[in-house]
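Guided by the hints, dock chain B onto chain A, whose structure is given.
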Amino acid sequence: MNGTEFHWSTFFAMGGYAVYVWPAYGLTAVVMLLNVIMPLRQRKHIIRRVKRAVRREKMSTR
Amino acid sequence: MFRAIWAWIQKFSSPKYFFDMSGKMIPWFAIAAALLGIYGLYLGLFVAPTDYQQGESYRIIYIHVPAAWMSMFIYVVMAISAAIGLIWQIRLADMIAAASAPIGASFTFIALVTGSLWGKPMWGTYWVWDARLTSELILLFLYFAYMALQSAIEDQRAADKASGLLLIVGVVNIPIIVYSVQWWNTLHQGTTISITKDAIDIHMLIPLLLLAVAFKLYYAAVVLVRARNEVLYRDRSRRWVREIIEKL
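Listed in order, the protein sequences are those of chains A and B.
Residue numbering for the first sequence follows this note's numbering, beginning at 9 and increasing consecutively.
Residue numbering for the second sequence follows this note's numbering, beginning at 819 and increasing consecutively.
Chain A on its own, in the form it takes in the complex (with noise of 0.2 Å):
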């Protein structure tokens, strides 16, 4: 990738290191994704859990 022409080929193929390279970052890219997704999906949960307990506080109190 030093000054000679650019091949999405040789990009891919990391040297010879593809096996290790891509792996790494496509874990990485997982992990952090999965980080992202758990909280808003918690928060979801956690409203929809805090509403429901309203709701049965105001049917009993009623």
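No lab work stands behind these hints: they were computed from the structure.
Zero decoy hints are in this set.
Residues on chain B that point at chain A, a partial pick, calculated with CB under 7 Å:
1. Gly873
2. Glu874
3. Ser875
4. Ile881
5. Ile921
6. Ile928
7. Val931
8. Pro939
9. Val1043
10. Arg1044
11. Asn1047
Small disclaimer: the values here were computed from a predicted structure and weren't measured.
Yeah, the Cβ is synthetic: ideal placement off N, Cα and C, and Gly gets one too.
Chain B alone, transformed into the frame defined by chain A:
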């Protein structure tokens, strides 16, 4: 004077104030993290030259080194938060610590696996029990122990106290990780970034630092989302939380 400072701290550490402020900050951290991350990856994968010794395999360091830094940085943030929670009884500090744990564990896991994937072609093995690798693995176990304690103890105050103490004691592991490559004869290479000796090419250094900052901003965004969840959950019986949740 001290009373004014204390009043200021109390205002900023109130869960309600934090919830409102952090909500506004999250998108900015997220956008900045994404932009710096993409630019850093572009420079690291497409522009930076090939290493004369390691070939293209060295490109793993652009995620390995920032992840390893984050694994220690987040632990220190948690330990400081735990100390603040223990000393000044600031609940928000305990929530920040709890919110950080899964993110810190994730970065430690990333550092270990990416390091292992680099070690195989360079050292000929995925794993060795040398000081650097072992102390980083202990860090992962410290995160797990913290999370296990948090979920095992029913009473939240007691859980924060016990797990906070664990965090503070575990801080001794951080200098061991940092200096392990100097104290012991390890297989792991020395520090990548050094002020005294010119170890790394500037075209390799810039993407590395960009990704390090991007990872920090990513942590800021994600920890705030998690800490807001902690606020909603722990203060779920308070009126202001219920009023907010009704609108969501």
